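*Asks:* Spelled out from the first residue to the last, the chains are:
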Amino acid sequence: MKIQGQGVLVTGASRGLGRALAERLAGRGARVALVAREVGPLRDVVGQIRARGGTAHAIVGDVADKASTHAIAGQAQGLVGEIAIAIHNASTLGPTPLRLLLDTECEDLQQVLETNLIGPFRLTKVLAGAMAIRGAGAIVHISSDAAVEPYPRWGAYGASKAAQDHLSKILAAELADTGVRVLAVDPGEMDTVMHAEAIPEADRATLQQPDAVAARIVQMIEDEVRAPNGARLVAPRWELVP
Amino acid sequence: MTAAVWRADRGEALDDLALRAVTRPEDALRSDEVSRHAVRLVVVNAEPPRLEAFAALPRLLARGDLVVVNDAATLPGSLPGRTADGRGFELRLSGPIEAGRLLGVVLGDGDHRTRTEHRARPPRIAAGDRVTVAGLPATVASAAGRRIELVVRADGDALWQAIYAAGAPVQYAHRPERLALWSVQTAYAARPWAAEMPSAGRPLLWDTVLGLRRAGVGVAALTHAAGLSSTGDDALDRALPWPERYELPRRTVDAVGETRARGGRVIAIGTSVVRALEAAAEHGELRAGSGVASVRLGEGYRPRVVAGLVSGLHVPGESHFELLRAFAPAARLERALALAAARGLSSHELGDACLIMPA
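First to last, the protein sequences are chains A and B.
Going by the numbering used here, 146 is the number at position 145 of the first sequence; the sequence numbering is gapless.
Going by the numbering used here, 276 is the number at position 284 of the second sequence; the sequence numbering is gapless.
Careful, some of the hints might be misleading.
As the list claims (entries may be wrong) - So the derived label-pair ranges between C-beta atoms look like this: (1) B:A54 <-> A:K3: 56 to 62 Å; (2) B:G80 <-> A:R53: 42 to 48 Å; (3) B:A157 <-> A:L101: 54 to 60 Å; (4) B:R93 <-> A:K67: 48 to 54 Å; (5) A:R100 <-> B:D77: 56 to 62 Å.
As the list claims (entries may be wrong) - Capping the alpha-carbon separation at 20 Å, the derived lysine to aspartate or glutamate pairs in EDC-like fashion look like this: (6) A:K3 <-> A:D224; (7) A:K126 <-> B:D199; (8) A:K67 <-> A:E115; (9) A:K170 <-> A:D224; (10) A:K170 <-> B:D199; (11) A:K67 <-> A:D109.
It should be emphasised that the hints constitute simulated quantities derived from the structure, not laboratory data.
Note that the coordinates shown come from a computational prediction; the quantities given were computed from them, not determined experimentally.
Cβ coordinates follow ideal geometry from the N, Cα and C atoms, glycine included.
Taking the hints into account, I'd like the entire structure generated from these sequences.
*Replies:* What follows is the structure, given as C-alpha cells:
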C-alpha cells in the first residue's frame, strides 16, 4: 500500500518508536495525526515535522480513557481526513522497577490492559469500519517479544501484549477479504526511554535506534506480500529493501 | 394507544387494521432507544407489510444489489458560547468545520431539555462581534437571525481539541439524558461532517455488512454532511434541509454503474445518501467528487439513482415522513407504521427501521 497522501494515526507519538514512525511517514508524504498525553513534547515533534515540510497534527489524549476514543478519532479525521493507517504504538509497562506478578496490584494490571489492549481495541473499532467499507487500510499493533517469552517480572506487560497479538490475528481473520490488513510487529529492543525504565542496566550500544526500526515498519506497511493480513512480524528479522 | 392498534394486538388481520386507517400512529409508536443489536425492520412493500430483524437485511436484498452508506461521523456540534458582554448562548454546528470557520445556529439560555422552539431568544450577535466559543476567541463573520458564521482565532489543532473537549452531540427535548458521542456514531463513521447522526445506519453491524457481501450485495460509501433537523425558528425550519456538502468517491460511482448495468438496485441507507446520490446525478450521469446537495425529496420526487431506502420510522406530520413519500405513497407508509405501532416498534432516531423498496 502506498504511503503518499494517506491519513495516518500514530499513538504514543511524542517519543521513541512512535515519534520515529510519525517522522518517517510524514517524510514519505503522509498526513500524520500524532497522539500523546503530554502536550509539550508532542508539539515539539509536530513542529519539527512541519519545519521539514511534512503535514503533522497534535492530538492530546490518553488511549486508556474510554471517553477519549471518539475525540481522538474525530480530531484526527477532522485534521488529516480519513485514516488509512492506524499504528497502535502507545503502551505502558506499569510501575517500574518491574514487579513479580504476585506483587502486581490488580489496579496496575488493569491500567496496563487499558492502555495496551483495550485502548487500541476501542480505537480500531472506531477506525477500521470506514477502512473496510473503502476496501483499503492498515492497522499495526506494536508488540514485543514479551508477548511470546514468559520473562519473570514482565507479567502485566507480557500478558497485555500476548492478548493484543491474538486480538490482532482474530481481527485479521474477521476482516479477511475486506482490503484491511491487520499486523502485529515486535520491534525488538530499542534505545528508548521505555527500555531504560524496564532494563536500566542494558548496554545502550547494543540496542537498535528507533528510526532504524521505523524504516522497517514503514516497509511492512507498504509490502502487502511480505507482510500479509494477520502476520506477526519481528522487525530485526525483516530484510530491509533499499 | 389507538383503538385500531389495540385490536391489532388481539390478533386482528392487518388488512382490517389498514382499512381503519390509523391516522395518528405517533400516539402508539414507542419513542425509546433500541439497542443497535435488536433493531427491527418493517418491510414496507411486502404485501401485507411485515417485520424482520434488521440483521435479516442480506436476505431481503438480491445478489447484485448495492447498499450505499453515509460514512460521516457525527460532530460534537453543540458548543457553549459567550458574547463579549458575558451573555451565554449555544452554538449548534450545521455542517463541517473548514479552515477555522464554524457555521451554525445560535440558541439562547437553556439546554436541549427545553423544546427548541421554546428556548430563550439568543443574545443579539452581529457581524464583526467578538465572542468565545468552546473557550476559544472567535469573530462573527456573518449573522442572519439565528444563522451565524464564526471564524475562530486558533490553529486547527487547538480548534479541534477545544471542540471535542467542550462539545456534545446536538440533541432534542424528547430525550432528556445526555447522549455520549459514541452513541451517535455508525460502525463505519470516518470524517466528522454530520451535525446530526446519519441514524439509518446505526443498526448496520459489521456482521450485517459482511453478510451483505457474502450474499453478493455490494456495500459502498459516500460522505454527506447531514445537517440540523430543527433550529427553533419557524421560517428557518421551513427551509430545512439546507444545502449540504457531500463527497462521492470514484469507487462508489463505479459500483453504482456496475450495479445498474447488471440490473441490480441501489439501496440508500438513510435520506442523506439519497440526497447526495441524486444531487450528483442532477445533470445526467452520476459524477464523482465534491458537491452541494440541495435536492428536496418528497411526494412526486422521482429518484434517478436510488431504488430503495432504509430509514428510521417517521410518522405523518414529521418532515422526515414527507421525504419517505418519494419512495412510497402515504397510505402504504401509514399501513407500515400501523404494524410498527401494533408490534411495539420505536420511532426514535435511535429506534427501529424500515425498508422501502418498490418492486
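*Asks:* Taken at face value, is the distance from the CA of D199 (chain B) to the CA of K126 (chain A) at most 20 Å?
*Replies:* holds (13 Å)
*Asks:* Decide if the proposed pair is consistent with the structure: K170 (chain A) and D199 (chain B), CA atoms, cutoff 20 Å inclusive.
*Replies:* holds (18 Å)
*Asks:* G80 (chain B) and R53 (chain A), beta-carbon distance inside 42 to 48 Å?
*Replies:* holds (43 Å)
*Asks:* With a cut-off of 20 Å on the C-alpha distance, tell me whether K3 (chain A) and D224 (chain A) pass.
*Replies:* At roughly 9 Å apart (the allowed maximum being 20 Å), D224 (chain A) and K3 (chain A) satisfy the hint.
*Asks:* Verify the CB-CB distance for R100 (chain A) and D77 (chain B) against the hinted window 56 to 62 Å.
*Replies:* Taking Cβ atoms as reference, R100 (chain A) and D77 (chain B) lie about 57 Å apart, which means the hint holds.
*Asks:* Is K67 (chain A) close enough to D109 (chain A), meaning Cα to Cα at most 20 Å?
*Replies:* holds (17 Å)
*Asks:* Go ahead and decide if the range 48 to 54 Å is satisfied by the Cβ distance of R93 (chain B) to K67 (chain A).
*Replies:* violated (31 Å)
*Asks:* Measuring from beta carbon to beta carbon, are A157 (chain B) and L101 (chain A) in 54 to 60 Å?
*Replies:* Given a distance of about 40 Å, which is not inside 54 to 60 Å, the answer is violated.
*Asks:* Please work out if K67 (chain A) and E115 (chain A) have their alpha carbons no farther apart than 20 Å.
*Replies:* Status holds; Cα separation ~9 Å.
*Asks:* Holds or violated: K170 (chain A) with D224 (chain A), Cα cutoff 20 Å?
*Replies:* holds (18 Å)
*Asks:* Using the C-beta atoms of A54 (chain B) and K3 (chain A), is the stated range 56 to 62 Å upheld?
*Replies:* With a Cβ separation near 36 Å, A54 (chain B) and K3 (chain A) fall outside 56 to 62 Å, so the hint is violated.
In the structure shown, a violation is registered for the earlier hints numbered 1, 3 and 4, in ascending order.
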